[in-house]
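Q: Protein chains in written order, with the working numbering: chain A, 139 to 389; chain B, 75 to 323.
Hints listed in this document are in silico derivations from the structure and should not be mistaken for laboratory results. Backbone N, C-alpha and C fix where the C-beta goes; we use that ideal spot for every residue, glycine too. Honestly, I wouldn't trust all of these hints.
To give an idea of the interface, some chain B residues facing chain A are shown, with a C-beta separation under 8 Å as derived from the structure [said to hold, decoys possible]: (1) Ile85; (2) Asp169; (3) His206; (4) Ser207; (5) Tyr216; (6) Cys217.
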Amino acid sequence: MSKTYSDEELISRVWDVEEIKKLVHKRVYYIADDLRSEELADLWVSDPDHQKTASFGRNWGYYVGLDNIKTYYTDSHTALLELQKSANGASALNVGNLYAHPASTGLVELAGDGKTAKGIWYCISQETTARGDSTADAEWMMEKLAIDLIRENDGWKIWHLVIATDLHGEAGQDYSQQPIYVDWDSDAVRREFGVPTIEKLTHDATFNWWDDYPFMPKPYEAFHDAISYGPEGFVPPINKGWNAKEGRNYL
Amino acid sequence: MKRKLTLSQRIQNAAASQEVENVKARHTYFHGRADAAGEWAQIWSRSDDCSWAHAFGRMRGFDQVWYGSVTQYDKMAMENWLEMFEQYPEIGGKDPRPLMEASVHTLVTDIIEVAADGKSARASFITPGVIHSVLTPEGKKYCNVLWERYGSDFVCEDGRWKYLHEHVCPDIPGKLDMCNWAADEYARITDPSPKESMPPTLGPPPPVTDPGPMHTPYSVLKKPQNTVPWPEPYETLDQDHTYTPFVFK
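Turn these sequences into a full structure, and let the hints guide you.
A: Structural data, given as structure tokens:
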């Protein structure tokens with residue numbers, strides 16, 4: 139976008155992009171400390187209209203509305219942690235767990251009108267969860283992270299978020315020995331996601347990045363649904379090949 | 075560089091630094107889809123001065139870079155598709171390029187310097203990358219790791235920042251969690267009949283103007299190679315401030 143800005147406008151835009159990067163990086167620390175409720179309260183939209191349309195997507199669909207996001211992201215998560223604590227006879231939640239989803243390769247596009255922004259990052263992540271026998275399950279997770287941000291009275295906030303997992307597997311194990319096709323019914327990441335508000339396959343890593351989702355943000359003047367990282371912006375990849383099963387059942 | 079920039083120049087250069095960061099990240103996401111045509115068509119200068127270098131040497135001029143980085147790359151993707159379609163008919167109708175692999179060179183530790191004249195920028199990065207694919211002719215999925223350094227020059231053309239030079243310096247290639255690059259390299263070179271090491275690039279080397287080797291992966295016999303030192307503040311892109319020495323015709 140070759141729009142011309144005054145120095146004052148330009149430095150405001152530079153500042154906004156740095157604030158957005160900082161917010162996304164802070165989210166990494168919230169995850170590391172397992173502060174999911176605090177993340178939703180501090181980093182996500184607070185305007186009621188924005189909360190209604192907020193979304194949290196993964197490969198299999200979207201939770202829409204901040205209440206539904208909270209049910210999945212904090213309530214279900216805490217329930218799982220309680221089960222783990224009980225099964226492990228642990229003294230507290232999260233004993234033996236560790237989470238790190240560092241965000242790298244940031245690409246942030248601030249809208250020409252300055253009201254919204256879109257960004258994409260890549261995360262070489264790990265999640266470690268304690269087992270009842272005093273061992274732990276250590277997993278690598280490779281994932282794209284895409285976020286729509288919106289400016290509210292007290293600064294930039296997360297509005298729509300998508301985590302598209304490319305692969306996950308046990309640390310120290312040969313990934314090439316995994317079956318080619320992941321059984322989603324038993325896949326831990328799929329099961330953790332539960333039943334979202336809108337169930338829809340958005341990223342099938344069987345075909346690498348063929349489906350191009352979430353897509354790279356392009357320079358834009360003003361936010362509109364077609365470019366959203368919420369469900370409105372998802373367009374199924376075109377696939378009409380013989381015996382292709384529409385890209386393994388794109389809905 | 076001794077020139078003191080005005081506040082306005084500093085603001086322009088700060089914005090330029092963010093633009094350059096985005097161009098570099100766009101490279102990663104284009105490359106992750108093996109969309110070489112998209113990358114070179116959209117974010118590269120078409121200048122005769124553009125260059126792309128790897129262990130095998132340096133391609134110079136847009137046509138040579140396009141041939142090596144787009145034409146040859148697409149050829150590998152098409153050949154890969156042809157090897158796979160009978161085993162995996164579900165790839166029918168899909169773009170063969172991203173099916174080859176997701177080569178994700180993540181970017182960290184960037185140092186970006188915009189020239190005092192505002193016409194160019196220079197940047198260094200470290201990339202702890204992952205390269206993965208699910209469907210392969212061998213019937214096995216894979217995830218490799220590849221750590222590299224980048225030295226990148228950019229130019230501003232008609233208000234848009236474009237790539238001019240890229241120098242890729244591979245340090246550690248291997249299978250995720252299944253390699254010890256130091257022990258593996260020691261075992262390789264002490265083998266009475268040493269095998270080839272894991273190649274840091276896909277396919278045969280393309281035609282180059284400046285032959286390699288330019289920066290080779292880790293060896294127990296070598297010092298660290300500071301092939302693309304971080305950029306210092308500079309006035310303008312010239313022979314002393316570039317990742318590709320200019321050739322004057």
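Q: Taking the hints in turn, state whether each one holds.
A: Here is how each hint holds up against the structure:
no., hint, verdict
1, Ile85, "5 Å, holds"
2, Asp169, "6 Å, holds"
3, His206, "6 Å, holds"
4, Ser207, "6 Å, holds"
5, Tyr216, "5 Å, holds"
6, Cys217, "5 Å, holds"
Of the numbered hints stated above, none is contradicted by the structure.
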